[in-house]
Amino acid sequence: MTRQSLSQKLTGNRVWKSIFRVPNTGNDENRARIIAESFFWHIHPVKVKTHSLKITYTWGLGVISFFLFLLLTFTGIWLMFFYTPSVDTAYQNISELETRVNYGILIRTMHRWGAHLMVLAVFLHLCRVFFTGSYKRPREFNWVVGVLLWLITLLLSFTGYLLPWDQLSYWAVTVGTNIAASIPVIGEQLRVLVLGSKEIGQDTLTRFYALHVMVLPVVMSILIGVHFWRIRKDGGLSSPMEQEEDVNGGER
Amino acid sequence: MSPEPREVFPKDTKKTYGLMALVKGTSPMVEKGPEDTVMSWPNLLVMEALAMLGTGVLLLAGSILVSAPLREMANPDVTENPAKAPWYFLNLQELLMHMHPALAGVVIPGIVILLIMMIPYFDRSKKDIGVWFASPKGRKIALVSTMYTLILIPATIIFDEFVRVRSLLNKPEIFPGWIIPIGVTGGLIVVLYAIILFWRPNRREVLVGLFTGFVVTYFLLILSGTLFRGMGMRLTLPWDLPPGALTF
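These protein sequence lines are chains A and B, in that order.
Just so we're aligned: 71 in our numbering is position 71 of the first sequence, and the numbers increase by one with no gaps anywhere.
Just so we're aligned: 1136 in our numbering is position 136 of the second sequence, and the numbers increase by one with no gaps anywhere.
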């Protein structure tokens, strides 16, 4: 029996091979199969345009936004372990992260800064797509999905804002929801619908919590799935290779 | 009655049975230039991993340096001054100070979002897809639009803060609340449009100019609401902001 190197032992056994079905042996056929015979086939083709790897074209903003969504999901679930959405305990739960939970403050901080960063990254991604004309045929509807994802990002951030139940949360949400109340005729009812009562209180916290940890993340996950699937089906990222002289009258 | 036995077709040893589907159209490279592609593994996947890793490391470092704030427990009897929305809604809160709340908080954002969603259905040309700012002309238009917005939005805010539209005309309420703000906002857009037309742009270049105006306004109003609004949401210089005026 020949001696095997550590990496051979690691990648040569049945368990490894059951997970990574195609060995990474460095020829293009295997490189193709690594994508085509794995999960990545759902979101990536075997080959991509060199143009779509240009950093100055995408700035990686879509990937960064998605990564932040994942990071927020994991840190968010972790925060749920230590949090009860009750006006009596919520604030205490959060302040006790500092004293009673290992790395409590750090994880909460990453959740918060990560959320701010995601709001920024998603908006910049939207700007990138606009300024490179990437919303054009056949990607029209994926642009609409993207705009919806941007709005859901804002709502996710806003609903999360209330949960620490401190003065910043309380008054920010007061200001935010007062805008809804200004709509003629239905405004007041709309505010009650959002807050769960006339004033911000337990009902509001319950609603915002349910929206923040359940409803909005689920809606967002579904839309992200559609968004990615459409990118794949529309031939990956846009590039100048797709330019056509006008057929549909873009000229004034 | 027993079910009829189903016929089983024997395997033909000469066939591979490997063809899974026929698709419409030609292969992706027909009528395209020389192939300009690379393997997704490792090129794309490694770049994606690096982008994620970089973001994660930066976020971790930032979070170690500055912790998330936690103020006093929520108290409906003690109003925060200034009472601000989260930073990404401060552009709406800034608008709120100049017009009827329904116009600032519902009508304008609603129209803007609808218009943004409609962009691809309005601009259907594929002439300049994949090119930043569409063309050199588009680049110039974006620059002019940026400068126009950078000057006029702060000027409008400062005018309304120190001269106050309401002090000039406050009755009936529909004037300072609706008609004047719509007139000013609409006027700013129409003038920008007229300036853009000066370059004889195509539809996409017009959109680049208008969207640039939107993006710059979006960030300017956030900046104004975040860094320049102090006690009672009065205009203040950033270094004179009261403690607690930053809503991160």
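Calculated directly from the structure, the hints in this document are not laboratory data.
None of these values were measured; they are calculated from a predicted model.
Hints are not guaranteed to be accurate.
Claimed, not checked - Cut-off 25 Å, straight-line C-alpha distance, at most; resulting in silico cross-link-like pairs (PhoX-like, lysine-lysine):
#1 B:K1024 - A:K233
#2 A:K54 - B:K1137
#3 A:K54 - A:K233
#4 B:K1024 - A:K54
Stated by the list, open to error - To be clear about the criterion: a stretch of chain A counts as covered by chain B if any three or more of its residues have a C-beta under 8 Å from a C-beta of chain B, and this derived list gives those stretches:
#5 110-116
#6 156-170
Built from N, CA and C at the ideal position, the CB exists for glycine as well.
Could you tell me which of the hints above the structure violates, numbers in ascending order? Hint 4 alone not satisfied by this model.
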